[in-house]
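**Q** One-letter residues, chain by chain:
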Amino acid sequence: MSQEPILTIENVSKRFTKDLDLAERAARKLGARIAPMTVHAVDDVSLSIRRGEVLGLVGESGCGKSTLGRMVAGLSAPSSGRILHEGRDTAKLKGAEARDVALKVQMVFQDPMSSLNPRMRVRDIIGEAPQVHGLVPRAEVDAYVERMLAQVGLDPATARRYPHQFSGGQRARVGIARALAVRPDFIVCDESVAALDVSIQAQVLNLFAELREEFGLTYLFVSHDLGVVEHISDRIAVMYLGRLVELGAAEDLIARPNHPYTRALVAEIPSFETGKKTYHAIKGEIPSPMNPPRGCHFHPRCPHAHDRCRIEVPRLRDVAAGRLSACHLNDRAA
Amino acid sequence: MTTHPAAPPRAAPVDSPTRRIIAQFMEDRVAVLGLILFICIAILALMAPWIAPQNPYDLSQLNIMDGALPPGEVSFGTDMTYMLGTDQQGRDMLSAILYGLRISLMVAGVSLLLAITVGTIVGVTAAYFGGRLDSFIMRVVDLQLSFPAILIALILLALLGRGVDKVILALVIVQWAYYARTVRSSAIVERRKDYVDAARCLALPHRRIMFRHLLPNCVPPLIVVATVQIAQAIALEATLSFLGVGVPITEPSLGLLIANGYDYLLSGRYWISLFPGIALVLTIIAINVVGDRLRDVLNPRLQK
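Residue numbers (the numbering used here), protein chains in the order written: chain A, 1 to 334; chain B, 335 to 638.
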């Protein structure tokens with residue numbers, strides 16, 4: 001694995017703003033206290049992903065991990081910040097170059113049913129983009145689609161079927177084949193196995209691992225399930241309410257979590273150890289992202305919170321070799 | 335890697351959505367009857383020049399001596415029997431109805447196709463791009479739909495003058511908005527599904543995503559609206575012709591035939607208006623019955 005970053009996320013934020021409608025604007029003129037509502041789905045996140053690695057991105061639902069994944073895949077534009085693919089700002093590219101970079105970054109979606117067009121045959125689902133973009137000559141598309149199907153462990157004869165004629169696991173494979181067919185080097189997996197049975201999950205995860213070897217792929221693996229991410233990732237990034245709170249090598253992070261939030265997540269990974277294990281849900285509810293707590297977002301639920309946590313936002317900084325964490329407790333210890 | 339023992343998909347032909355819909359449609363006898371009736375009417379209309387006993391547009395074939403004969407009378411000149419009587423110019427009503435159906439269905443059909451094309455393009459564009467463009471287009475649609483169709487059509491025809499092409503234009507202008515709204519509402523639901531994002535991720539051109547990916551998934555409601563609207567179009571054309579602003583007198587549609595006989599209704603010559611009226615009502619009922627059943631069959635909420 002080389003150290004050269006294939007994808008760099010620089011201070012990326014995504015804000016969703018609900019503007020006031022006419023009546024609300026009028027009410028405001030008359031003195032009502034209404035402000036446009038803004039959600040910081042992703043708040044100043046910086047990350048760089050090395051060529052060939054698997055970066056797991058975990059967090060509770062609503063923490064902005066999927067939004068970040070969608071921005072990386074080019075499906076939505078960052079409100080601020082830049083996303084660089086091999087050093088090139090993806091937002092500034094035009095024409096053929098923009099298309100080539102867009103094809104290099106593909107996405108595998110969560111719901112294997114709604115991510116496949118129900119009115120298209122598998123042959124067209126997989127073969128359309130390579131044909132339209134001229135990656136494969138028209139006459140060879142059928143053969144190419146069959147090769148792709150074989151690659152993801154499906155019978156090439158299934159090319160003539162429609163998505164509803166497949167099982168969930170097979171649909172997930174079709175979705176992977178579709179992404180692979182445009183020869184990407186980076187794949188964003190957005191909860192790609194969350195909708196599958198556990199046994200099928202393992203098969204699809206193995207498939208991801210095989211394809212990575214074969215095509216030298218890099219993954220951004222977005223999931224709420226630390227147990228899944230643990231097995232496939234080289235490094236893990238943990239997000240909480242739009243901010244990156246911890247980043248480190250996978251095994252190390254699981255073994256020695258630094259941030260209290262990561263510690264809480266790791267404590268809840270189910271294990272096969274015999275004996276009694278009691279699970280403690282993290283105290284409290286995830287706060288509303290429309291009105292997040294001041295200071296460290298995690299402080300209302302953190303067992304170690306002190307005054308500084310309520311006021312000052314902790315910076316993400318090195319706490320050990322290759323490990324970043326955003327927690328004031330690290331300053332205390334030092 | 336293990337190839338998993340997938341749930342054996344049911345045999346493809348039976349499972350195809352189109353076949354299932356056809357099978358479900360066939361369960362309703364009334365709808366099947368309506369469909370058969372409509373097909374018969376359409377065939378009669380199409381074949382009019384070959385099956386009609388007389389060409390009602392050819393004035394040299396008409397005999398003024400045969401004017402306003404009741405049904406079943408025999409012509410004075412030839413030995414032809416007028417099954418449905420004649421109008422005041424001695425025109426065979428059966429032939430006039432067949433030719434009139436032809437005009438009515440042609441006008442409705444052509445305007446339907448044009449209105450669907452315009453409405454679909456506008457609706458899918460609005461749903462796909464969203465934002466201001468969507469708001470603007472939908473306000474135009476709302477404005478259009480807030481006026482009664484007949485009023486808009488009357489104003490347009492008063493400005494444009496008479497003629498089959500002008501009636502078609504008026505019908506398209508009156509009807510496109512229904513299709514635009516229908517397509518937009520289903521496209522806006524489909525737009526949020528992952529397969530559209532997947533297509534965007536594959537950098538497919540917008541036009542391709544709109545018309546190859548989104549549109550085919552918006553078709554069922556469109557079919558339902560189209561069957562309702564084609565009946566509306568036939569009725570609207572008949573109304574316009576009845577009011578004297580529709581098709582020209584030389585090519586009478588059903589509405590114009592009814593209007594022609596209107597003056598004679600109270601003098602006992604009921605057949606001049608009655609038979610074209612029955613033809614019009616049967617056509618509209620047949621289409622509506624089929625449309626109702628299609629709506630039931632295609633509505634996803636009514637399925638298991």
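Don't take each hint at face value.
[As the list claims (entries may be wrong)] In silico SDA-like cross-links for lysine to any residue, where the CA-CA straight-line distance does not exceed 25 Å:
#1 B:Lys-527 x A:Gly-87
#2 B:Lys-527 x A:His-133
#3 A:Lys-18 x B:Tyr-598
#4 A:Lys-18 x B:Met-472
#5 A:Lys-92 x B:Arg-473
#6 B:Lys-527 x A:Glu-86
#7 A:Lys-94 x B:Ala-537
#8 B:Lys-527 x A:Gly-168
#9 A:Lys-104 x A:Glu-86
#10 B:Lys-500 x A:Lys-92
#11 B:Lys-527 x A:Phe-215
#12 A:Lys-92 x A:Ser-13
#13 B:Lys-527 x A:Ser-114
#14 A:Lys-104 x A:Thr-17
#15 A:Lys-104 x A:Gly-87
#16 B:Lys-527 x A:Thr-17
#17 A:Lys-104 x B:Arg-534
#18 B:Lys-527 x A:Asp-197
#19 B:Lys-500 x A:Phe-208
#20 A:Lys-92 x B:Gly-464
#21 A:Lys-104 x B:Arg-473
#22 A:Lys-18 x B:Ala-537
Hints in this document: simulated from the structure, not taken from any laboratory. Because the structure is a prediction, the values reported are computed rather than measured.
**Q** For every hint, state whether the structure bears it out.
**A** Right, here's what the structure says about each hint:
The straight-line distance between the Cα atoms of B:Lys-527 and A:Gly-87 is roughly 31 Å, outside the 25 Å bound, and the hint therefore fails. Taking the CA atoms of B:Lys-527 and A:His-133, the gap is about 23 Å. The hint holds against a cut of 25 Å. At roughly 65 Å between alpha-carbon atoms, A:Lys-18 and B:Tyr-598 are farther apart than 25 Å, so this suggested pair is violated. With a C-alpha separation of about 20 Å, the suggested pair A:Lys-18 and B:Met-472 falls inside the 25 Å cut-off, and the hint holds.
Pair hint A:Lys-92 plus B:Arg-473 does not hold up; C-alpha atoms about 34 Å apart against a cutoff of 25 Å. Annotation: proposed proximity of B:Lys-527 to A:Glu-86 is violated, straight-line Cα distance about 30 Å (limit 25 Å). A threshold of 25 Å between alpha carbons decides the hint, and for A:Lys-94 with B:Ala-537 the separation of about 13 Å falls inside it, so the pair holds. For the hint pairing B:Lys-527 with A:Gly-168, the CA-to-CA distance comes to about 17 Å; that is within 25 Å, so the pair holds.
For a cut-off of 25 Å, the pair hint linking A:Lys-104 to A:Glu-86 stands: about 11 Å separates their Cα positions. This hinted pair does not check out: B:Lys-500 and A:Lys-92 have alpha carbons roughly 50 Å apart, beyond 25 Å. Taking the CA atoms of B:Lys-527 and A:Phe-215, the gap is near 28 Å; set against the 25 Å cutoff, the hint is violated. With a C-alpha separation of about 17 Å, the suggested pairing of A:Lys-92 with A:Ser-13 holds against the 25 Å cut-off.
Between the alpha carbons of B:Lys-527 and A:Ser-114 the distance comes to roughly 6 Å, so the proposed pair stays at or under 25 Å and holds. With a C-alpha separation of about 30 Å, the suggested pairing of A:Lys-104 with A:Thr-17 is violated against the 25 Å cut-off. For a cut-off of 25 Å, the pair hint linking A:Lys-104 to A:Gly-87 stands: about 14 Å separates their Cα positions. This hinted pair checks out: B:Lys-527 and A:Thr-17 have alpha carbons roughly 22 Å apart, not beyond 25 Å.
A threshold of 25 Å between alpha carbons decides the hint, and for A:Lys-104 with B:Arg-534 the separation of about 13 Å falls inside it, so the pair holds. A hinted pair counts as satisfied when its Cα atoms are at most 25 Å apart, and B:Lys-527 with A:Asp-197 qualifies at roughly 22 Å. The hinted pair formed by B:Lys-500 and A:Phe-208 fails the criterion: a straight-line CA distance of about 61 Å is larger than 25 Å. Using a Cα cut-off of 25 Å, the hinted pair A:Lys-92 and B:Gly-464 holds, with the two alpha carbons roughly 23 Å apart.
Between the alpha carbons of A:Lys-104 and B:Arg-473 the distance comes to roughly 40 Å, so the proposed pair goes past 25 Å and is violated. With a C-alpha separation of about 28 Å, the suggested pair A:Lys-18 and B:Ala-537 falls outside the 25 Å cut-off, and the hint is violated.
Checked against the numbered hints above, the structure violates hints 1, 3, 5, 6, 10, 11, 14, 19, 21, 22; every other hint is satisfied.
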